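Student: Chain by chain, the residues:
Protein chains: 2
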Amino acid sequence: MPEGVVYLDGNSLGPMPKSVPERVAGVMTEEWAQMLIRGWNKAGWMSMPSEVGNAVGRLIGAAEGTVVMGDTLSVKVYQALAAGLKMRPDRKVILSDNGNFPSDLYIAEGLVGLLEQGYELRTVDPEDVAEAIGEDVAVVMLTEVDYRTGRKHDMKTVTELAHAAGAVMVWDLAHSAGAIPVDLAGSNCEFAVGCTYKYLNGGPGAPAFIYIRPDLADEAEPALSGWLGHASPFDFDLNYKPAKGIERMRVGTPPVLQMAALEEAMKVWDGVDMTDVRQASVALQEQFIKEVERDVPELTLASPRDASIRGSQVSFRFEHGYAAMQALIDRGVIGDFRAPDIMRFGFTPLYLDGANVTAAVAVMKDVMGNNLWDNEAYKVKSRVT
Amino acid sequence: MPEGVVYLDGNSLGPMPKSVPERVAGVMTEEWAQMLIRGWNKAGWMSMPSEVGNAVGRLIGAAEGTVVMGDTLSVKVYQALAAGLKMRPDRKVILSDNGNFPSDLYIAEGLVGLLEQGYELRTVDPEDVAEAIGEDVAVVMLTEVDYRTGRKHDMKTVTELAHAAGAVMVWDLAHSAGAIPVDLAGSNCEFAVGCTYKYLNGGPGAPAFIYIRPDLADEAEPALSGWLGHASPFDFDLNYKPAKGIERMRVGTPPVLQMAALEEAMKVWDGVDMTDVRQASVALQEQFIKEVERDVPELTLASPRDASIRGSQVSFRFEHGYAAMQALIDRGVIGDFRAPDIMRFGFTPLYLDGANVTAAVAVMKDVMGNNLWDNEAYKVKSRVT
Numbered sequence: 001m002p003e004g005v006v007y008l009d010g011n012s013l014g015p016m017p018k019s020v021p022e023r024v025a026g027v028m029t030e031e032w033a034q035m036l037i038r039g040w041n042k043a044g045w046m047s048m049p050s051e052v053g054n055a056v057g058r059l060i061g062a063a064e065g066t067v068v069m070g071d072t073l074s075v076k077v078y079q080a081l082a083a084g085l086k087m088r089p090d091r092k093v094i095l096s097d098n099g100n101f102p103s104d105l106y107i108a109e110g111l112v113g114l115l116e117q118g119y120e121l122r123t124v125d126p127e128d129v130a131e132a133i134g135e136d137v138a139v140v141m142l143t144e145v146d147y148r149t150g151r152k153h154d155m156k157t158v159t160e161l162a163h164a165a166g167a168v169m170v171w172d173l174a175h176s177a178g179a180i181p182v183d184l185a186g187s188n189c190e191f192a193v194g195c196t197y198k199y200l201n202g203g204p205g206a207p208a209f210i211y212i213r214p215d216l217a218d219e220a221e222p223a224l225s226g227w228l229g230h231a232s233p234f235d236f237d238l239n240y241k242p243a244k245g246i247e248r249m250r251v252g253t254p255p256v257l258q259m260a261a262l263e264e265a266m267k268v269w270d271g272v273d274m275t276d277v278r279q280a281s282v283a284l285q286e287q288f289i290k291e292v293e294r295d296v297p298e299l300t301l302a303s304p305r306d307a308s309i310r311g312s313q314v315s316f317r318f319e320h321g322y323a324a325m326q327a328l329i330d331r332g333v334i335g336d337f338r339a340p341d342i343m344r345f346g347f348t349p350l351y352l353d354g355a356n357v358t359a360a361v362a363v364m365k366d367v368m369g370n371n372l373w374d375n376e377a378y379k380v381k382s383r384v385t
Numbered sequence: 001m002p003e004g005v006v007y008l009d010g011n012s013l014g015p016m017p018k019s020v021p022e023r024v025a026g027v028m029t030e031e032w033a034q035m036l037i038r039g040w041n042k043a044g045w046m047s048m049p050s051e052v053g054n055a056v057g058r059l060i061g062a063a064e065g066t067v068v069m070g071d072t073l074s075v076k077v078y079q080a081l082a083a084g085l086k087m088r089p090d091r092k093v094i095l096s097d098n099g100n101f102p103s104d105l106y107i108a109e110g111l112v113g114l115l116e117q118g119y120e121l122r123t124v125d126p127e128d129v130a131e132a133i134g135e136d137v138a139v140v141m142l143t144e145v146d147y148r149t150g151r152k153h154d155m156k157t158v159t160e161l162a163h164a165a166g167a168v169m170v171w172d173l174a175h176s177a178g179a180i181p182v183d184l185a186g187s188n189c190e191f192a193v194g195c196t197y198k199y200l201n202g203g204p205g206a207p208a209f210i211y212i213r214p215d216l217a218d219e220a221e222p223a224l225s226g227w228l229g230h231a232s233p234f235d236f237d238l239n240y241k242p243a244k245g246i247e248r249m250r251v252g253t254p255p256v257l258q259m260a261a262l263e264e265a266m267k268v269w270d271g272v273d274m275t276d277v278r279q280a281s282v283a284l285q286e287q288f289i290k291e292v293e294r295d296v297p298e299l300t301l302a303s304p305r306d307a308s309i310r311g312s313q314v315s316f317r318f319e320h321g322y323a324a325m326q327a328l329i330d331r332g333v334i335g336d337f338r339a340p341d342i343m344r345f346g347f348t349p350l351y352l353d354g355a356n357v358t359a360a361v362a363v364m365k366d367v368m369g370n371n372l373w374d375n376e377a378y379k380v381k382s383r384v385t
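Protein chains in written order, with full-length UniProt numbering: chain X, 1 to 385; chain F, 1 to 385.
Simulated from the structure, these hints should not be mistaken for lab results.
Since this is a predicted model, take the numbers as computed values, not measurements.
One or more hints might be untrue.
Intra- or inter-copy, both count: the list cannot distinguish identical chains.
List time: in silico BS3-like cross-link candidates among lysine-lysine, alpha-carbon distance up to 25 Å [said to hold, decoys possible]:
1) K290 - K365
2) K381 - K244
3) K42 - K381
4) K379 - K42
5) K381 - K241
6) K379 - K365
Bound conformation, chain X alone (with noise of 0.2 Å):
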């Protein structure tokens, strides 16, 4: 971690595990330079999106075989959705909360606005989801963990609510892989997608995952059927016969860099038990609203005060948030912000202890006991992130 930096952005970008660039040089160095296009065979990168899927299902409660690596999150919603609606050609509403991130809800948009008439999303607050499954819902879509407030569903109970009315499950696992335990398996729903470069370290950009339940993968009609999905695909068939199981989740030819990047990046978890992690984030975050809550009083929790419904993050309203924002990652102490008012903090325990939390709460005392924020430099939204 640089000089003088806390870092609590975790979870919109994790740090770079220290082997990945060695690892990403040979890729270029004595893959593709030396063997070229010799690499897809010899250095196995054909083979990479199953292999990195099988890492990052461990961490998830998947089995082996059920994710494969690929395309970006959006993409992979994108997957899941269609081959969710296909399997209830009787229905036609996408229910999602208010609380899900805004390009998942965009992709069901497009999506729904590419089908026949009569096609819907449905959208409500977070709380009243359980509700909103009725009998015409054909996909319930929701995100794991609130990109905004860390508020968690419970995915057992509403992935149970969702089949006991008939309807498909799509679990977004944007802030839940390598930050919370998941039980995939066990919470029994159809399809999950997540992404790697938040709490996996992947890197910016690193390729996004999608799960099928195994009973289901050889069911699933890809909507994207990329050669790589096919079952053949160096056959050149001219028609698309998908490949058995997750494999046909597979679109175009893989990023070679990115997906070694993420590779090296999943070592970090060898032997790493999602429990202690838990344990741990638990922990910092508890301390943290704590001494927010003590020496920051112009902050309001916008997370959950109860950890057991709060993923791996902290959120505080403040009215000037952007601005409050800027002015402490110019002081080192990083988060993020969202609108309209969201100051967020990420709690990644492989990498901070008590002591960063308490110096990051001693940065934001200062900045906003004295007004720090109040500066025009911060309040110019330049920012594209």
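Put chain F on the given structure of chain X with help from the hints.
Tutor: Just chain F now, with coordinates in the frame of chain X:
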């Protein structure tokens, strides 16, 4: 280039430009590791898809601001087809040819399967495309240069025929960009897509590109409406509103390491005139055909003999092409094989000269004349590419 290799497969995966590893290492150790989340702003990661798009655009005759990078080619094909169909709501046919890359056809098949009844992918022989463009065709989708034979469609003529019939034209430039001069603006087509890991040397899994004719960019409806194609992604609106112009074809978080590798690779093209590249490529191809037909009579030319309707590759048919290609690769002459019987050789004058061609043909003569391919080890189809 590695010792003892004549690389005739730059049409599948271009070699690594020398300066790429240093650039990518810098992105990791100076940007990701040091700037962390701030890299999106400070290092300009967020604007890379547009900036690299402009660099690619310059090579294919596309104006500034009309090309954007991202995803894989299959995903870009999907976006172009979906937007194209929306432009012709009264028509339901996508027309293509069986010389198109199978993934393009698969993607069209997947899209058609998702839409309401009546949509159809119609595939004809390449030479029958012109007369098949009827009044029921919504979108004509073709790859300019056939991946197997190198046979080249006339973009301008076919686009005119498509427009005369009221259809939207989508060109796949996978085997064109960096290989032959392309006048995209002059062709008047509505959409174009392509990949960058072939002649543009962007690396394995390098991002794809998409172009929309500028007068239509503000009305193209993005089916894959991800947040980075939103007019204001960081407002986190609940409703999708497409960005102005080509930016709406962005989907999710860009793969920064791959973008940096590609951006660096594009510098090779600074000051390069595609007309010169084409002239040198044709000279190499003509030499290759002449020498192969003189010295390797076992092979039958599969590419057009007329260079004006051929891309930047030369293909030969041979019944045991798979084994023969393995034998060649084993001896340092790297081309590739495309089922059922095509031996494919790409010509890339940026790093090949006449002496390379002569050296390659000498090896081919040895392998074919002495039946060195007739070896069980070469017949096992273990390769995935």
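Student: Run every hint past the structure and note whether it holds.
Tutor: Results of checking the hints against the structure:
For a Cα distance limit of 25 Å, the shortest separation of K290 from K365 inside one copy, 13 Å, qualifies, whereas the shortest one across copies, 79 Å, does not. In this homomeric assembly, K381 and K244 come within 25 Å of each other (Cα to Cα) only across copies, at 20 Å, whereas the closest approach inside a single copy is 48 Å. With identical chains, the CA atoms of K42 and K381 are at most 25 Å apart between copies only, with a shortest distance of 14 Å across copies and 48 Å within one. In this assembly of identical chains, the alpha carbons of K379 and K42 lie at most 25 Å apart only when taken from different copies (17 Å versus 52 Å within one copy).
For the identical chains of this complex, K381 and K241 are inter-copy neighbours only, at 20 Å across copies versus 48 Å inside a copy, given an alpha-carbon limit of 25 Å. In this homomeric assembly, K379 and K365 come within 25 Å of each other (Cα to Cα) only inside a single copy, at 19 Å, whereas the closest approach across copies is 71 Å.
Of the numbered hints stated above, none is contradicted by the structure.
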